[in-house]
Structure formats: C-alpha cells, structure tokens
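Visitor: Model the full assembly from the supplied sequences, consistent with the hints where possible.
Keeping their order, the protein sequence lines are chains A and Y.
Reading the first sequence from the start, the letters are residues -13 to 100 in the numbering used here.
Reading the second sequence from the start, the letters are residues 79 to 189 in the numbering used here.
No wet-lab data here; the hints were simulated from the structure.
Ideal Cβ positions, reconstructed from N, Cα and C, are used throughout, including at glycine.
Be careful, since some hints might not be right.
[Claimed, not checked] When the alpha-carbon atoms are kept at most 30 Å apart in a straight line, the in silico BS3-like pairs for lysine-lysine are as follows: (1) A:LYS56 x A:LYS37; (2) Y:LYS148 x Y:LYS158; (3) Y:LYS104 x Y:LYS148; (4) A:LYS37 x Y:LYS106; (5) A:LYS99 x A:LYS65; (6) A:LYS37 x Y:LYS91; (7) A:LYS44 x A:LYS65; (8) Y:LYS106 x A:LYS44; (9) Y:LYS91 x Y:LYS104.
[To be verified] With the Cβ distance kept under 7 Å, some of the chain Y side facing chain A (calculated, not the full set): (10) ASN110; (11) ALA117; (12) THR121; (13) LEU122; (14) SER176; (15) PHE180; (16) SER182.
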Amino acid sequence: GDSVTQTEGPVTVSESESLIINCTYSATSIAYPNLFWYVRYPGEGLQLLLKVITAGQKGSSRGFEATYNKETTSFHLQKASVQESDSAVYYCALGDDSNNRIFFGDGTQLVVKP
Amino acid sequence: AQTIHQWPVAEIKAVGSPLSLGCTIKGKSSPNLYWYWQATGGTLQQLFYSITVGQVESVVQLNLSASRPKDDQFILSTEKLLLSHSGFYLCAWSGGNSDYTFGSGTRLLVI
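Guide: Take a look at the structure:
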C-alpha cells in the first residue's frame, strides 16, 4: 500500500546542533509521487515547509532541506544548525495528485533546547 | 490572496449529539477541498475530498459525512457523535498542483 514512516518523536537536540528526521515512503499505487514536509508550530496550523515533485531533486526552506531519493524511497529532513524556534511537530507526506490523496507520517515532535 | 477559515476552533460535545464543522476558502475559484482527521496520538488521515460543488468522495469511513454546498464551502457533519470522533479536524484546499493549504483546525472532544 501507500504509506509514510518517519522518525518517532520526540527528538531532542540542543541549539546549533544538526538535525535529521528520517522519512521513508511506500508508493506502490502512485505513478508520480510527490513528497512534502509540513510543520506545525505550537498553537498554529499545518504549514508547508518544503515539497519536491521530481525524484532526485532537493527542496529547501528556512535552512531545512530534503532530497527525494527514489532508490531508497526516502525523503529525510536535515538542518545543519537548529534554533530554538524550530521546535515544532514535523510531518512527512506523500501526495498522489491523480487520486487527490495525501498520506501523512505520524509526525515527529522536535524539541530544541537552548 | 487565498484564505482558508475553519470553524469552530474547538468544541466539546456529548456522545450522540450532532456535529457540523465548516471550512470556507476565499480568493480561489473551484478549489479541490479536503477533510483530514487526527485522533490524539494518531496519524492524520484523509476523510473526504471534493473537486467540484455537490460532489464529495469518501476516503475513510468514520460515520461522518461531508458536503460541498457552494464552491467555497466544505462541511463535515454527523447526526450522532461517537467517543471515537474526538480529535483534530483539518480542512485543506489545493489547486490540483500539489500545493495544499491547510486551515488552523478544529479540536473536538466528545464526552
């Protein structure tokens, strides 16, 4: 089936440390999967952080980046140096435009300590 | 600019009571509209989607229904709430090009 698996949270890192949140996907019935990272800051709605719709491409935003790797079916989120303001819940998602579907991972809570 | 507004922000309802959650999109004609639900500690699941007025497709059966009475409005409802309906409900729209915009959500507690 179609699904997303991501790092189980909470993930706790200290400010200025590097971060990686793993995401792998299964897209058995999706011809052209699109991949997303969404973020939900405390008290706010879900916001798009970055998206990549072409395998092999990298998306980046606010210092975060993720590469769409079709061979390993992965879309890991990385940041070289996190800030306290990055504390939030991060969701990896798999989109299927032809069927108007989007599948979310369980979300990873990131806690950045000052 | 497009805006998406969900209401109410939060609800506490009794088991067996009716529910109606709303979502309005402004600034975009003929959007694709979606409802998602997340149980506490659970995964965000897509419930319904609609690509045109009057047409709604069900993705997950949860004893809920959805309607799209106008181009810019998407309603989620049930006549009898269950405890299992508690959670977080999100509305979203897209232009059909992988750009999904989500509302701020409605927190529902069924007691």
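Visitor: Does each hint fit the structure? Answer for all of them.
Guide: Status of each hint after checking the structure:
no.	hint	result
1	A:LYS56 x A:LYS37	holds, 15 Å
2	Y:LYS148 x Y:LYS158	holds, 24 Å
3	Y:LYS104 x Y:LYS148	holds, 12 Å
4	A:LYS37 x Y:LYS106	holds, 21 Å
5	A:LYS99 x A:LYS65	holds, 15 Å
6	A:LYS37 x Y:LYS91	violated, 37 Å
7	A:LYS44 x A:LYS65	holds, 13 Å
8	Y:LYS106 x A:LYS44	holds, 29 Å
9	Y:LYS91 x Y:LYS104	holds, 28 Å
10	ASN110	holds, 6 Å
11	ALA117	violated, 11 Å
12	THR121	holds, 5 Å
13	LEU122	holds, 4 Å
14	SER176	holds, 5 Å
15	PHE180	holds, 4 Å
16	SER182	holds, 4 Å
Comparing the model with each numbered hint stated earlier shows that hints 6 and 11 do not hold.
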